[in-house]
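The listed protein sequences correspond, in order, to chains R and C. Residue numbering for the first sequence is 1 to 120, as defined by our numbering. Residue numbering for the second sequence is 1 to 231, as defined by our numbering.
Everything labelled a hint here was simulated from the structure, so no lab data went into it. Incorrect hints may appear among the rest.
Heads up, simulated SDA-like pairs for lysine to any residue below, C-alpha to C-alpha not over 25 Å straight-line [what the hints assert, rightly or not]:
{"no.": "1", "chain 1": "C", "residue 1": "111", "chain 2": "C", "residue 2": "212"}
{"no.": "2", "chain 1": "R", "residue 1": "10", "chain 2": "R", "residue 2": "25"}
{"no.": "3", "chain 1": "R", "residue 1": "103", "chain 2": "C", "residue 2": "65"}
{"no.": "4", "chain 1": "R", "residue 1": "103", "chain 2": "C", "residue 2": "32"}
{"no.": "5", "chain 1": "R", "residue 1": "25", "chain 2": "C", "residue 2": "111"}
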Amino acid sequence: MRHVILHDLKVDEHEFEARTGWSIKPQGACKADACVPLPPVARLGDGRLDAPVISERLGMPLVADELHGVWALGPETAVTGRALTSAVAPDLVLPDADGNPFKLSSLRGRKVLLVAWASW
Amino acid sequence: MWQELRTRWYPLGLEVVTVALDVESSEARPFIEQAHPEHPSLIDEAHLTVELFGFVNVPNGVWIDEDGMIVRPSEPAHPGRNPVTESFRTIDLSTVPPDIADVLREARKIKSDPDVYVTMVDDWVARDRESRYALTADEVIARSEPRTGAEATAAAEFELGQYLHRAGDHAAAIPHWRQSHRLHPDNWTYKRQAWNFEDPMRQGHTDAYDGSWYEDIKRIGAENYYREIIP
Numbered sequence: 001m002r003h004v005i006l007h008d009l010k011v012d013e014h015e016f017e018a019r020t021g022w023s024i025k026p027q028g029a030c031k032a033d034a035c036v037p038l039p040p041v042a043r044l045g046d047g048r049l050d051a052p053v054i055s056e057r058l059g060m061p062l063v064a065d066e067l068h069g070v071w072a073l074g075p076e077t078a079v080t081g082r083a084l085t086s087a088v089a090p091d092l093v094l095p096d097a098d099g100n101p102f103k104l105s106s107l108r109g110r111k112v113l114l115v116a117w118a119s120w
Numbered sequence: 001m002w003q004e005l006r007t008r009w010y011p012l013g014l015e016v017v018t019v020a021l022d023v024e025s026s027e028a029r030p031f032i033e034q035a036h037p038e039h040p041s042l043i044d045e046a047h048l049t050v051e052l053f054g055f056v057n058v059p060n061g062v063w064i065d066e067d068g069m070i071v072r073p074s075e076p077a078h079p080g081r082n083p084v085t086e087s088f089r090t091i092d093l094s095t096v097p098p099d100i101a102d103v104l105r106e107a108r109k110i111k112s113d114p115d116v117y118v119t120m121v122d123d124w125v126a127r128d129r130e131s132r133y134a135l136t137a138d139e140v141i142a143r144s145e146p147r148t149g150a151e152a153t154a155a156a157e158f159e160l161g162q163y164l165h166r167a168g169d170h171a172a173a174i175p176h177w178r179q180s181h182r183l184h185p186d187n188w189t190y191k192r193q194a195w196n197f198e199d200p201m202r203q204g205h206t207d208a209y210d211g212s213w214y215e216d217i218k219r220i221g222a223e224n225y226y227r228e229i230i231p
């Protein structure tokens, strides 16, 4: 899962799922126990989604940098209004200091204390 | 400091994962190398964990159980007494420049009990699901940070800024980071990272941003810098 920077407002639905954790099902966009119905215009018919429609339905702000022709799709607000939509830990993958990707889910079976720090 | 605690907790079934919220990973790397961590020490250039877990400052932490369920949401996560922050309290302020002395005076007013979080983790490790600190899924969601349209838009603005900075156009990042500060003023990770690029020594006032560490902590009151932990 990673941040959602868009260079096109038509988004491949598999890529959208990989980036946000929201999968597109017949009943709508779903994450953990939550499903949000989507209007027909959200699906463009070629496996892609209309980003502005998805943004509106899931409460994911779409922010543009027009000069560089890029957008960022923010996190959802439509379900709980909190930082967490579900208590299921996201399938996070981040690099270590050597650049090797580490999957948080590889620690399943152990308790995990995940702590943020910074050099600044 | 986390390595020391990890040595205590790992045999009891807990792994520590540290995540550096540094847009430039090269800034975090020397600290990681110096700590010789045996636990995963990750770098989150895009502040992805801020978005996913609701971190608003450092140190902030979350607990995840053996089944991959979050059992405590983001909150201040101090690893016991820290020699760096302890030194803020003992340094003779008459020996440092006046603006640094002002910053240190505010830093001394920050309210945090350095031992409470470690005590809570000890209890979780010992009592597992019976620990009073391990919360239900509903409690975890309800206690996670509020996320209205403003906070979510701030996350998207910060993300655009870090993308443009990393693409080599730092000046283009600044307006987006200014917006993230305006929309989510309680999120210190957005502010401190951005200020640090302009003034790494003091995170002081520059033309790029409206605030600074000193001005902003004066505005909210140093006692509110870290949210109080609710057991």
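Each hint, compared with the structure:
no.: 1; hint: C:111 - C:212; verdict: holds (19 Å)
no.: 2; hint: R:10 - R:25; verdict: holds (18 Å)
no.: 3; hint: R:103 - C:65; verdict: holds (15 Å)
no.: 4; hint: R:103 - C:32; verdict: holds (19 Å)
no.: 5; hint: R:25 - C:111; verdict: violated (47 Å)
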